[in-house]
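Undergrad: So in this note's numbering, the last one in the sequence shown is 344, and the numbering has no gaps at all.
The hints are simulated quantities; they were obtained by calculation from the structure and are not laboratory data. One or more of the hints may lead you astray.
[As the list claims (entries may be wrong)] With a Cα cut of at most 25 Å, we get these calculated BS3-like pairs of lysine-lysine:
1. Lys291 with Lys225
2. Lys206 with Lys225
3. Lys252 with Lys334
4. Lys291 with Lys252
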Amino acid sequence: MTFVLFVTASSPQNASSVGSAFAPFGHRMPAASSSLDPDLEGLAEQFALKAEAAPDDALREWSESTTSLRPELQAAAARIANQRLTWRARALLSTRPNGAALLMQWSAEVAQRPRLMRLQGTPPRSSYAYCASLVLQRGSRAAAAGLREGRLTIVGLRRDTSTLDNKGRGVYDDDIVVLNGAAGLHSVRVFPACTEPGAQYSQRAKPVASGGRVDPRYAGVTFKKIEGADVNGDGILDAGRLRAGTYLFAEKDGGYMDARAFQSLSAQVAERDTNGDGRFNASDPNRIDLKGAGTSMYIHRGGIQANRNTWSAGCQTVPDNRYGAFLASLGRIKTFHYVLIDGD
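Based on the sequences and whatever the hints tell you, model everything.
TA: Rendered as structure tokens:
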């Protein structure tokens with residue numbers, strides 16, 4: 001079910017804010033654990049401010065305020081705080097053993113996959129702050145700047161799924177999140193999505209004269225047609241998915257699949273399943289395809305959820321029964337940043 005979360009906030013107080021009302025400096029950090037809707041941005045802002053003048057107090061209050069948060073929200077608050085620390089605050093924190101350890105922990109987390117949160121049932125302010133924190137940490141500078149300025153930004157939250165699942169027809173187990181901070185009104189709209197191809201489009205699933213498949217591992221796949229690129233020269237077109245990162249999209253002329261659709265304005269980087277095991281990871285030799293995808297990995301409508309077919313050969317798809325609401329959330333925007341994140 002598509003759900004809509006709205007949260008209002010006052011105008012940003014500094015250039016790095018994504019928009020929230022913060023308590024004046026000198027106040028204790030808000031007790032996040034006392035609310036079902038923790039003020040993650042307020043916690044981050046107060047920590048960053050206090051760290052410049054009273055780093056020991058800042059560290060103590062940070063621990064007290066975040067210890068009872070669920071892990072995903074702890075990490076989100078940390079991502080926002082890390083973005084807001086000045087060089088002076090970092091220098092002061094690094095002189096404290098617990099401060100140095102905290103900064104080292106935050107730095108190491110950038111190289112790790114974030115733990116993805118199920119947004120259904122998550123309060124509005126937390127949902128917006130959680131998604132915004134991922135853009136600030138993992139999006140491009142342009143995407144992060146646009147978010148701070150209130151521009152509409154789309155976030156893709158991908159959970160790895162085998163291309164062979166659901167008889168190769170794809171699974172709507174990812175999220176596409178539309179963040180809109182226009183006029184200080186922070187809204188979050190979340191849609192089920194698929195960000196990986198189904199094996200129904202793999203050459204390996206094609207039936208052969210003997211009655212089997214090109215690849216016996218694909219015997220249970222309902223074959224549709226072949227899409228892909230042969231990046232390792234073995235004669236097999238390899239299924240591909242969009243690599244995590246930031247892409248600038250615009251509306252595609254003429255649409256796609258009989259509906260409005262969106263296309264990257266620059267060449268996309270794809271990952272290829274070169275060993276055919278249905279996954280995209282380090283076990284795939286030569287899996288990074290810098291040119292083969294071009295700008296062909298669109299955002300477009302997929303099959304309705306009830307039919308359990310995502311219609312994705314590598315595109316980002318939203319089910320047809322939710323696609324109208326998705327388009328409505330975008331309005332007639334000309335371009336937007338799409339930040340795709342691989343998570344656990």
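Undergrad: A separate judgement is required for each hint: does it hold in the structure or not?
TA: Checked hints:
1. Lys291 with Lys225: Distance ~22 Å between Lys291 and Lys225 Cα, so the pair holds.
2. Lys206 with Lys225: holds, 8 Å
3. Lys252 with Lys334: Between Lys252 and Lys334 the Cα gap is close to 10 Å, so the pair holds against 25 Å.
4. Lys291 with Lys252: With Cα atoms ~20 Å apart, Lys291 and Lys252 stay inside 25 Å; holds.
Violated hints for the displayed structure: none, as all numbered hints are satisfied.
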